[in-house]
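Colleague: Sequence:
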Amino acid sequence: MYQPPHFREDSLAVQHALIKAHPLGLLVTLGSTGLLANPLPFVLDAAASPMGTLKTHLSRANTQWQDFDPAQEALIVFQGPETYITPSWYAAKREHGKVVPTWNYAIVQAHGRIRIKDDPDWLRQQIAAMTETQENLRPEPWSVGDAPAPFVAAQLKGIVGIEIEIARIEGKWKVSQNRSEADRLGVSAGLRLAEDDASQRMADMVDARGALPDG
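In full-length UniProt numbering, the protein residues as written are 1 to 215.
No lab work stands behind these hints: they were computed from the structure. Values in this document were obtained by computation on a predicted structure and should not be read as measured data. Worth double-checking, as some hints may not be accurate.
[What the hints assert, rightly or not] Taking lysine to any residue pairs in the SDA-like style, the calculated list, with each CA pair at most 25 Å apart, reads:
1. 174 to 152
2. 93 to 210
3. 174 to 109
[Said to hold, decoys possible] Here are the in silico distance ranges between beta carbons for each label pair:
4. 192 to 32: 46 to 56 Å
5. 21 to 119: 22 to 32 Å
6. 92 to 200: 15 to 25 Å
7. 96 to 189: 33 to 43 Å
8. 125 to 210: 40 to 50 Å
9. 5 to 101: 21 to 31 Å
10. 63 to 93: 46 to 56 Å
11. 181 to 147: 47 to 57 Å
12. 195 to 116: 18 to 28 Å
13. 31 to 157: 15 to 25 Å
14. 38 to 196: 25 to 35 Å
15. 63 to 12: 45 to 55 Å
We treat Cβ as the ideally placed atom computed from N, Cα and C, and that holds for glycine.
With these hints in hand, go ahead and build the complete structure from the sequences.
Modeller: Right under this line is the structure:
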């Protein structure tokens, strides 16, 4: 990933927080016909290895679990908040007009080798963990145990587990740190006028990150 120093995010805790907040990752692998990518819901076990271990499952009919090069690392992309930034929000537009549109975003890319987990107990634990992270804030959380046991057992036969110990991880927070304070205030104010959640979260990021140390 292209990484200008001022957009790098090297804090493992911050990277992990984005993964947990946006667990639908894009799994990219190299197979016999080239690159293959599938969006999959991941559970992060931060304590399982130095950089964390990612666990997911996919349909047994999905050939990605069979057609990949085990000698090559897989890439998993987790996309956080992202928004278009119009030059109209910059104070610099009114000063000299030398501005162009851009896109703000936060993203984490993790790399590691795939381990296939075709074990009902492992799959049941992964499904339960994934479900709990999404259901625990609901007034009446659903759990795997709410479904009939024979039905769950039949469903587990149709999926395959994947475990990836993270070997490398990168974070990139491109949130207007390279702009002047006046421009950043304009970006934040413009985003706050939007009603969508992504714009509000991006405004929070712009405000929290501030300017570059030498900006």
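Colleague: Taking the hints in turn, state whether each one holds.
Modeller: Results of checking the hints against the structure:
A C-alpha spacing of about 42 Å is found between residue 174 and residue 152, which places the hinted pair above 25 Å, so the restraint is violated. Restraint check for residue 93 and residue 210: the C-alpha separation of about 20 Å stays at or below 25 Å, so the hint holds. For the suggested pair residue 174 and residue 109, the alpha carbons sit about 14 Å apart, so the restraint of at most 25 Å is met. Roughly 49 Å separates the CB atoms of residue 192 and residue 32, a value that falls within the hinted 46 to 56 Å.
Taken as a hint, the range 22 to 32 Å holds for the pair residue 21 and residue 119, whose Cβ atoms sit roughly 29 Å apart. For residue 92 paired with residue 200, a C-beta distance near 24 Å keeps the hint of 15 to 25 Å intact. Distance hint check: the CB atoms of residue 96 and residue 189 are about 20 Å apart, inconsistent with the given range 33 to 43 Å. As the Cβ distance of residue 125 to residue 210 is approximately 41 Å, the hint placing it in 40 to 50 Å holds.
Separated by about 23 Å at the C-beta atoms, residue 5 and residue 101 satisfy the suggested range of 21 to 31 Å. At about 50 Å, the CB distance of residue 63 to residue 93 agrees with the hint of 46 to 56 Å. Distance hint for residue 181 and residue 147: a CB-CB separation of about 54 Å, consistent with the stated range 47 to 57 Å. For the pair residue 195 and residue 116, the beta carbons lie near 44 Å from each other, so the given range of 18 to 28 Å is not met.
The given range of 15 to 25 Å is respected by residue 31 and residue 157, whose C-beta atoms sit roughly 24 Å from each other. Hint check: residue 38 to residue 196, Cβ distance near 26 Å, so the stated range 25 to 35 Å holds. At roughly 33 Å, the beta-carbon separation of residue 63 and residue 12 lies outside the given 45 to 55 Å, and the hint is violated.
Violated hints, listed in ascending order, are 1, 7, 12, 15; each of the other numbered hints is respected by the structure.
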